[in-house]
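Fit chain B to the supplied structure of chain A, relying on the hints for placement.
There are 2 protein chains.
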Amino acid sequence: MNVDSDRLRADIEANAEFGKIDVAEGRGRTVLTGTDANRQAREYFVERLKDAGLDVRIDAVGNVAGRWTPESADPDAAPVAAGSHLDSVPEGGIFDGPLGVYAALESVRAMQDADLEPDRPIDVVSFTEEEGQQFAGGLLGSSVAVGDRTVEEALALEDDDGTTLESALESMGFRGEGRLDASEWDAWFELHVEQSERLVDADVPVGVVTAITGITHCDAVIRGEADHAGATPMDDRTDALAAASEFVLDVERAANEVVAGFSDTAVGTVGKLNVRPNATNVVPGQVETGVDIRDVNYDSMNELVQRARRSLARLERERGVETEFKRPFDLEPSPMTDRARKAAHDAGERAGIETMDLHSGAAHDTQRIAGVTDAALLFAPSKDGISHNPKEWTDWDDCAAAARVMGGAIADLAGAER
Amino acid sequence: MNVDSDRLRADIEANAEFGKIDVAEGRGRTVLTGTDANRQAREYFVERLKDAGLDVRIDAVGNVAGRWTPESADPDAAPVAAGSHLDSVPEGGIFDGPLGVYAALESVRAMQDADLEPDRPIDVVSFTEEEGQQFAGGLLGSSVAVGDRTVEEALALEDDDGTTLESALESMGFRGEGRLDASEWDAWFELHVEQSERLVDADVPVGVVTAITGITHCDAVIRGEADHAGATPMDDRTDALAAASEFVLDVERAANEVVAGFSDTAVGTVGKLNVRPNATNVVPGQVETGVDIRDVNYDSMNELVQRARRSLARLERERGVETEFKRPFDLEPSPMTDRARKAAHDAGERAGIETMDLHSGAAHDTQRIAGVTDAALLFAPSKDGISHNPKEWTDWDDCAAAARVMGGAIADLAGAER
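So the protein lines, in turn, are chains A and B. The numbering of the first sequence is the working numbering, which starts it at 70 and goes up by one. The numbering of the second sequence is the working numbering, which starts it at 70 and goes up by one.
With the rest of the complex left out, here is chain A (with noise of 0.2 Å):
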């Protein structure tokens, strides 16, 4: 079997209409849950699984899921599936999640291409929210689909304008029925740009993930006092932003001394930051900041929490302010499933595209259905390393031979005749 390049790059570039943003440099788009682009990104997918013959599925938390049940294949056998997201981050690329969804889908209609007769059904599959960005830390879809969070508590949960889930999904028409189930999967696959430079650094096309490292979100909230910055004395003040300065320095200082002692591959950034009230002429009185830490190793996690949290115990002393931690959001480093490895690096070697191993630094869904099924995650090669970003690019022969790779791995594991 061989995967349609221009097909799969037609799907993409499709997709990346919606919610695109205008940029001097790459291609951006913003696909936030229960936008009007996150509607015409789901409604453009769910056609393409009908072009294709698969019969759709919308879920209660709104995961779109196309399956494919050849005459070969015993219709109650347990399915592979292979699938990502199609949400966003603000201003982020338009191969983070896309190229997993639309792979998955190239990979079913090349083995339909091939005639190839899998034993079981196949499902393709895209997760609500993966990123995060509006109704929990991310990987909301999956997490419901792997039983870590109720249908009932996933639509509940509201954004920071206080609109529910369930309301943003009723609004796109893709509040659907029942619960995907990823624990009846024989075993799951997803594609994903790689988001560092290893595989361009190495020169090979296809990485095979070991682990995926564990992620926590903290939210951490400092207040001092607003107050009239001409008629405030700098002795008399408690400034909420100077507090918060010294927080994202130290969270920076301590991932770097982790890095430098125990763990190379831990990191820690705030990246959220909001001032209140943020005028340039009032001393700001309160500063919320969200702080991502991830590592393979749990401990180091820990450690960079604990540094995070001693350091705003300091700033409570010395600069008088007030200050509240959450940890909202946490996930344990999660190594990838051996079985489902093989079949993606024996896919390689038959094909002739060589692969590599590496873990993700990034989380995935893939990080859930692990803890279910057996699950791999495969990696193509970013350009500079960049995502999350209008620049994150990957060559669309790349994007070819990963979704080639991936789609022998499944046909594999389906039980098709190679």
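Wrong hints could be hidden among the right ones.
Because identical chains share one entry, a pair is satisfied inside a single copy or across any pair of copies.
Here are the simulated EDC-like cross-link-like pairs (lysine to aspartate or glutamate), alpha carbons at most 16 Å apart as the crow flies [said to hold, decoys possible]:
hint : residue 1 : residue 2
1    : K452      : D305
2    : K452      : E294
3    : K119      : D399
4    : K452      : D319
If you are wondering where the hints come from, they were derived from the structure by calculation, not from laboratory data. Note that the structure is predicted; figures quoted are calculated from it, not measured.
What follows is chain B alone, placed relative to chain A:
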């Protein structure tokens, strides 16, 4: 003459309803140019001017003036004018601005009640957008009234959304004609809350300002590289927020050093900071900051601007970010006029109300007006020195005492029998 404390309070409390915000402690409002709240506040003020028999004029940039021309006055004589502004910072207090506007009106009503017969007309004024939240760095309406900015320049100013001042004024029905000309006034008075604690500490109800600090607003932009917070190793980042955090602390440190060194009235604040894309799981790619620098000493202001520039140059070298720096707003320190100040001290003495000299750390429209006519600025005590905050508070008795001093000074310079 005496002022009617209840009438003054009723006006300030009625005005406090426009743009009112819900807060646990204090009384807050958000009144930005062009909003419904701003329109309501302006319409209420116009009605109160008309109720007192004043002739109302709206100029092309939305400045509102009511003129009282009693039979005793030469209608062609240069008027004595007084007033302040009705706009607020986001989540500001109820006295900053409205106290001066309604104390000016109350001064006229008190003169009417006492059958005083001034030789000159008296203007009661509210200037457009003193706080500078949207269309300029501050003191917008008064900048046109003194000729520092033309009507055309002012009307073409745009807010962050690209709305012009002209369309904001038109949407409220407050885009009038002509230009209020402050140079035609014989003298100008403004009453304002002190916004620091010197009057409270001295237990004196009225302050007479000797000089207003200069004020500089700078915009600094720091550009790094937006990237995935999980997949980008610590040593491969150009984090715009980490760089901006150093900048915030550098500005604070520079101000503290100038205070300790040669000018203890200097202040430096980063009050505004916006992160892009501002998502927990994305390394920040760009940060925009707004810096406020003030002192009664212009040299120390320039020193702080230089230190901010040097901080950015260091961050370019050490962190590889790109930076931009602008100084879009700059006013040198302004001494007040002896003649107008003396009228205020004299009025206090006649009324048996203690007054004291102090400087103003906050900018006020009077800073502009002092460039074209004799001007004085009076302060009423601020509880705990807090302003630009719903906890801003001035006791009603202090409001009335300060209004009485201002009314006496206006009557004096307008040539009324005492």
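Check the structure against each numbered hint from earlier and tell me which ones fail, lowest number first. 3, 4
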